[in-house]
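J.: Each chain is listed here by its residues.
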Amino acid sequence: EPEVTQTPSHQVTQMGQEVILRCVPISNHLYFYWYRQILGQKVEFLVSFYNNEISEKSEIFDDQFSVERPDGSNFTLKIRSTKLEDSAMYFCASSVVGARSSYNEQFFGPGTRLTVL
Amino acid sequence: KQEVTQIPAALSVPEGENLVLNCSFTDSAIYNLQWFRQDPGKGLTSLLLIQSSQREQTSGRLNASLDKSSGRSTLYIAASQPGDSATYLCAVSQGGKLIFGQGTELSVKP
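So the sequences go chain by chain: A and B. When you number the first sequence by the working numbering, it's gap-free, plus one each residue, and the end is 117. When you number the second sequence by the working numbering, it's gap-free, plus one each residue, and the end is 1110.
Worth flagging that the hints you see were computed from the coordinates, not collected in a lab. Mixed in with the good hints there might be a few duds.
Stated by the list, open to error - No more than 30 Å apart at the CA atoms, straight line, and that leaves these computed lysine-lysine pairs for DSS-like:
hint : chain 1 : residue 1 : chain 2 : residue 2
1    : A       : 78        : B       : 1109
2    : B       : 1001      : A       : 42
3    : B       : 1109      : B       : 1042
4    : A       : 42        : A       : 57
5    : A       : 57        : A       : 78
6    : A       : 83        : B       : 1068
7    : A       : 78        : B       : 1001
8    : B       : 1109      : A       : 83
9    : B       : 1001      : B       : 1042
10   : A       : 78        : B       : 1068
11   : A       : 57        : B       : 1109
12   : A       : 42        : A       : 83
13   : A       : 78        : A       : 42
14   : A       : 57        : B       : 1042
15   : B       : 1109      : B       : 1001
16   : A       : 57        : A       : 83
17   : A       : 42        : B       : 1109
18   : A       : 42        : B       : 1042
19   : B       : 1001      : A       : 57
As the list claims (entries may be wrong) - To be clear about the criterion: a stretch of chain A counts as covered by chain B if any three or more of its residues have a C-beta under 8 Å from a C-beta of chain B, and this derived list gives those stretches:
hint : stretch
20   : 58-71
21   : 105-115
We put the beta carbon where it would ideally sit given N, CA and C, even for glycine.
So here's chain A without its partners, still in its complex pose (with noise of 0.2 Å):
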């Protein structure tokens, strides 16, 4: 069954570095999310992305973050200077048909957990 994957699944990082997280969706999804999850708090909708631009963004996806499908399957997020309250459990997810469709049904890989020391 096809399914979303992610890489690396940790990532330790020192505060103030770069980081990229990496994501491969399903082959025939053509939208694309990012969501996190901070431990013991409930998960986060970071971004949306369909046909190379952002859909939707939330108040957390400021400038320090960007996203970017750089070839026809990967699908990356970016943390450009992390800071230490980005220490989450970041999740890639990917539809068929786009989050405001009754359809849209979002599949999620196994995560990364970034770790800003």
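Given chain A, put chain B in place with the hints provided.
T.: Chain B only, in chain A's frame:
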């Protein structure tokens, strides 16, 4: 602003029991509602999607209902098994994103 709440926060039941998990949301203008399962330190597995025009969906031992007007959904698990132990999350689709509840941590004892 949409708020999603799940009750109870944790639930422990003996194996074989039928159980109900609850999810409530404050704004009924949603596209759909999705139930997920999350194992410790792992990703989210989609269990059921209920479109806004639907009342319920079934998959195996799972049955989810949706009452948009009252802002409620329930996930019914029949004949629970130890392998069902996990955190169950509900999320509503609104404004181009999923908005999650905090989850119900379920423990099924053998």
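J.: Give a verdict on every hint.
T.: Evaluation of the provided hints:
Among the hinted pairs, residue 78 (chain A) with residue 1109 (chain B) is inconsistent with the structure: their alpha-carbon atoms are about 42 Å apart, more than 30 Å. At most 30 Å may separate the alpha-carbon atoms for a hinted pair to count; residue 1001 (chain B) and residue 42 (chain A) meet this at roughly 15 Å. At roughly 21 Å between alpha-carbon atoms, residue 1109 (chain B) and residue 1042 (chain B) fall within 30 Å of each other, so this suggested pair holds. Restraint check for residue 42 (chain A) and residue 57 (chain A): satisfied, since their Cα atoms lie roughly 17 Å apart, inside the 30 Å limit.
A distance of roughly 14 Å separates the Cα atoms of residue 57 (chain A) and residue 78 (chain A); the hinted pair therefore holds under the 30 Å criterion. Between the alpha carbons of residue 83 (chain A) and residue 1068 (chain B) the distance comes to roughly 39 Å, so the proposed pair goes past 30 Å and is violated. In summary, the hint linking residue 78 (chain A) to residue 1001 (chain B) is supported, as the alpha carbons are separated by about 28 Å, within the 30 Å threshold. As the CA atoms of residue 1109 (chain B) and residue 83 (chain A) are separated by approximately 40 Å, the hinted pair breaks the 30 Å bound.
For the given pair, residue 1001 (chain B) sits about 28 Å from residue 1042 (chain B) by alpha-carbon distance, which is consistent with the 30 Å threshold. Distance hint between residue 78 (chain A) and residue 1068 (chain B) is unfulfilled; the C-alpha atoms sit about 37 Å from each other, more than 30 Å. Note on residue 57 (chain A) and residue 1109 (chain B): the hinted pairing is violated, with a Cα-Cα distance of about 41 Å set against a maximum of 30 Å. Taking the CA atoms of residue 42 (chain A) and residue 83 (chain A), the gap is about 19 Å. The hint holds against a cut of 30 Å.
Pair hint residue 78 (chain A) plus residue 42 (chain A) holds up; C-alpha atoms about 22 Å apart against a cutoff of 30 Å. Annotation: proposed proximity of residue 57 (chain A) to residue 1042 (chain B) holds, straight-line Cα distance about 24 Å (limit 30 Å). The straight-line distance between the Cα atoms of residue 1109 (chain B) and residue 1001 (chain B) is roughly 38 Å, outside the 30 Å bound, and the hint therefore fails. For a cut-off of 30 Å, the pair hint linking residue 57 (chain A) to residue 83 (chain A) stands: about 19 Å separates their Cα positions.
Between the alpha carbons of residue 42 (chain A) and residue 1109 (chain B) the distance comes to roughly 26 Å, so the proposed pair stays at or under 30 Å and holds. For a cut-off of 30 Å, the pair hint linking residue 42 (chain A) to residue 1042 (chain B) stands: about 14 Å separates their Cα positions. Among the hinted pairs, residue 1001 (chain B) with residue 57 (chain A) is consistent with the structure: their alpha-carbon atoms are about 15 Å apart, no more than 30 Å. With 1 residues having a beta carbon nearer than 8 Å to a beta carbon of chain B, the stretch 58-71 of chain A misses the requirement of three or more and the stated coverage is violated.
Taking a C-beta to C-beta cut-off of 8 Å, the stretch 105-115 of chain A contributes 8 residues in contact with chain B, enough for the three needed, and the coverage statement holds.
Hints 1, 6, 8, 10, 11, 15, 20 from the earlier list are contradicted by this structure; the remaining hints agree with it.
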